[in-house]
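A.B. asks: The chain contents come next:
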Amino acid sequence: MMAFVAEMRGVTKTYGETTAIDSVTFRVSEGEIVGLLGANGSGKTTLLKTLALIEKPTKGEVHFRGVEVTQKNAQQMRLYTTMVFQKTTLFSQSVYDNIAYGLRIRKIPRGEIDRRVKTALKLAMLEGFERRQARKLSGGEQQRVALARALALETKLILLDEPTANLDPRNVSVVENVVETVNRDFGQTIVMATHNMFQARKLPKRIVLMDNGRIMQAGSPAEVFGQLSRTLAGFSALENILTGEAGVSDGGVTVVDVGGNVHVEMTQAAKGRVSVFISPEDIILSVARFASSARNVFEGRVVEIQDQGRLVKLKVYAGKPFVVQITKRSFIEMCLILGSNVYLTFKASSVQIV
Amino acid sequence: MTSIIDGIWKALQLIFSGDPLIFEITVRSLLISGMAISLALLWGIPIALFLATRNFRGKLIVKGFFAAMIGVPTVGLGLVLFLIFSKGGPLGFLHLLYTPTLIVLGEAVLITPIVVSLGSRAIEDVDPEVMNLARTLGANEAKASIALLKEASNGIAIAGIASFNRAVAELGIAQLVGGNIPDKTEVLTTGIALETARGNLELSIAWTIILLLVVFGITLATLAVNSIRRRR
Numbered sequence: 001m002m003a004f005v006a007e008m009r010g011v012t013k014t015y016g017e018t019t020a021i022d023s024v025t026f027r028v029s030e031g032e033i034v035g036l037l038g039a040n041g042s043g044k045t046t047l048l049k050t051l052a053l054i055e056k057p058t059k060g061e062v063h064f065r066g067v068e069v070t071q072k073n074a075q076q077m078r079l080y081t082t083m084v085f086q087k088t089t090l091f092s093q094s095v096y097d098n099i100a101y102g103l104r105i106r107k108i109p110r111g112e113i114d115r116r117v118k119t120a121l122k123l124a125m126l127e128g129f130e131r132r133q134a135r136k137l138s139g140g141e142q143q144r145v146a147l148a149r150a151l152a153l154e155t156k157l158i159l160l161d162e163p164t165a166n167l168d169p170r171n172v173s174v175v176e177n178v179v180e181t182v183n184r185d186f187g188q189t190i191v192m193a194t195h196n197m198f199q200a201r202k203l204p205k206r207i208v209l210m211d212n213g214r215i216m217q218a219g220s221p222a223e224v225f226g227q228l229s230r231t232l233a234g235f236s237a238l239e240n241i242l243t244g245e246a247g248v249s250d251g252g253v254t255v256v257d258v259g260g261n262v263h264v265e266m267t268q269a270a271k272g273r274v275s276v277f278i279s280p281e282d283i284i285l286s287v288a289r290f291a292s293s294a295r296n297v298f299e300g301r302v303v304e305i306q307d308q309g310r311l312v313k314l315k316v317y318a319g320k321p322f323v324v325q326i327t328k329r330s331f332i333e334m335c336l337i338l339g340s341n342v343y344l345t346f347k348a349s350s351v352q353i354v
Numbered sequence: 355m356t357s358i359i360d361g362i363w364k365a366l367q368l369i370f371s372g373d374p375l376i377f378e379i380t381v382r383s384l385l386i387s388g389m390a391i392s393l394a395l396l397w398g399i400p401i402a403l404f405l406a407t408r409n410f411r412g413k414l415i416v417k418g419f420f421a422a423m424i425g426v427p428t429v430g431l432g433l434v435l436f437l438i439f440s441k442g443g444p445l446g447f448l449h450l451l452y453t454p455t456l457i458v459l460g461e462a463v464l465i466t467p468i469v470v471s472l473g474s475r476a477i478e479d480v481d482p483e484v485m486n487l488a489r490t491l492g493a494n495e496a497k498a499s500i501a502l503l504k505e506a507s508n509g510i511a512i513a514g515i516a517s518f519n520r521a522v523a524e525l526g527i528a529q530l531v532g533g534n535i536p537d538k539t540e541v542l543t544t545g546i547a548l549e550t551a552r553g554n555l556e557l558s559i560a561w562t563i564i565l566l567l568v569v570f571g572i573t574l575a576t577l578a579v580n581s582i583r584r585r586r
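The listed protein sequences correspond, in order, to chains A and B.
FYI, the working numbering numbers position 148 of the first sequence as 148, with every residue one higher than the one before it.
FYI, the working numbering numbers position 63 of the second sequence as 417, with every residue one higher than the one before it.
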């Protein structure tokens, strides 16, 4: 029988009346990148925390390399894995000490700690940051320190909880490169939660789709995304996924009528019922309509504001809800508040069929 | 007014005269309060950690009790200890009355609520994910708790200063269970009370100045260390 790096068998985790994950059976094979895709509150974080052995299942079993995790061996088993949280958590120490923490706990010799810290810093493109106070770095750099700290442990399994959720595009690309590199070159197994469709499509070799604490679908990105359109209605909470009828307009572009009087234009040819995705970073937010070559311009109002440090995530209702990500500076300069009238602009080429 | 200035002048002369009595009482005060704060930290920090990290029924009442006990009158606590440790009291057989040991114990009890209340507040202010972070990096429960305490160390240091200052400046316990015995249990505060009653103002002013210098010195030193650590 093949031993999996990690395995959850019928795991349920409840917090009082709330069931965070429900009878989840999930296996992770050596050397793969698994993407956990689902909306906020779908149970991704609880699944990762259960695998990291920092949450005890209410029901079910967790196995590492074929051995069941028990109260007795949990501390030892925890050494096989590590986790990077969505909200960057760092010790108020230097970058070096942060990365060396887990290595010192494992009683690794000092020379080896030096070597591993240096390698991890190089991977995370943080060379020369050793002596810097970790908490005084920028948000993106801090998340890269957290990633470097996990990499230095050289555990068989790395769990990443939306590691790029609050990062700017440059840091997102650094983190994605690191994930690809450690998987390809060092064979580290990675389970990564995300609600970014592009990331889910690009990085993982296997996608696990979660909703309401349950695994709804699992398979290769091609399999899952190929079937996704049919089940997308149930995943409406995923950001910027719109489902509607596609048809070809007079001008030759494809127009998708997604309801709410919203017609989305895209360059990809399609016909019939489709689901499309627009990355929040691709949408330009403005307080006035401006002339541009972009095919999609919608007027709406701000209905939700989420402060994410250097970035601000806004939900704009323009007949359909759109999530837009802008910098804190732009947010302040535009004097946006709940109810502000705004325009959303994006190119037809930014619209992707999922 | 002249007599106060005169008293301060004579007190300063006394301090700088190198009088061994002044030195002895100052050192005894520092030792007794130092041991009291050590004891209070030893049992108070685990309580603070428990209160800050665990949820249980009645937690608010326990926290409220410790918060209320911060203001307990020292004379009242001194009297309770006196009754417990006096000859006819339940712990009288220990013969601790009028010993520095009982002053240490009494002051430790007095300042425990400060350590617990301010300490648990400092721990609660730390990102609650720190313990989980330490666990995911391989720490066991004890090491994860230490990691959390390290993150709260600035706040715990403030709790330590407040507790030490309360211990070194209290009179009721030292007076009632220490008895102000020269060469044995006389400390700065009991000395000040006694010499003032005797009309020996120079000496009581001298000891008051020393007491204030001790309180200011230790507070400033701790704050300076905290500030340097934060800047690093």
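These are computed hints drawn from the structure, not numbers from a lab.
Quick reminder that beta carbons are idealized off the backbone N, C-alpha and C, glycines included.
There could be a bad hint or two in this list.
[Said to hold, decoys possible] Derived list of chain B stretches under chain A, where covered just means 3 residues or more per stretch with a C-beta under 8 Å from a C-beta of chain A:
no., segment
1, 482-491
2, 494-508
[As the list claims (entries may be wrong)] Only part of the chain A face toward chain B is listed, based on derived beta-carbon distances under 10 Å:
no., residue
3, Q71
4, K72
5, Q75
6, L90
A.B. asks: Of all the hints numbered above, which does this structure not satisfy? Sort the numbers upward.
C.D. replies: 3 and 4
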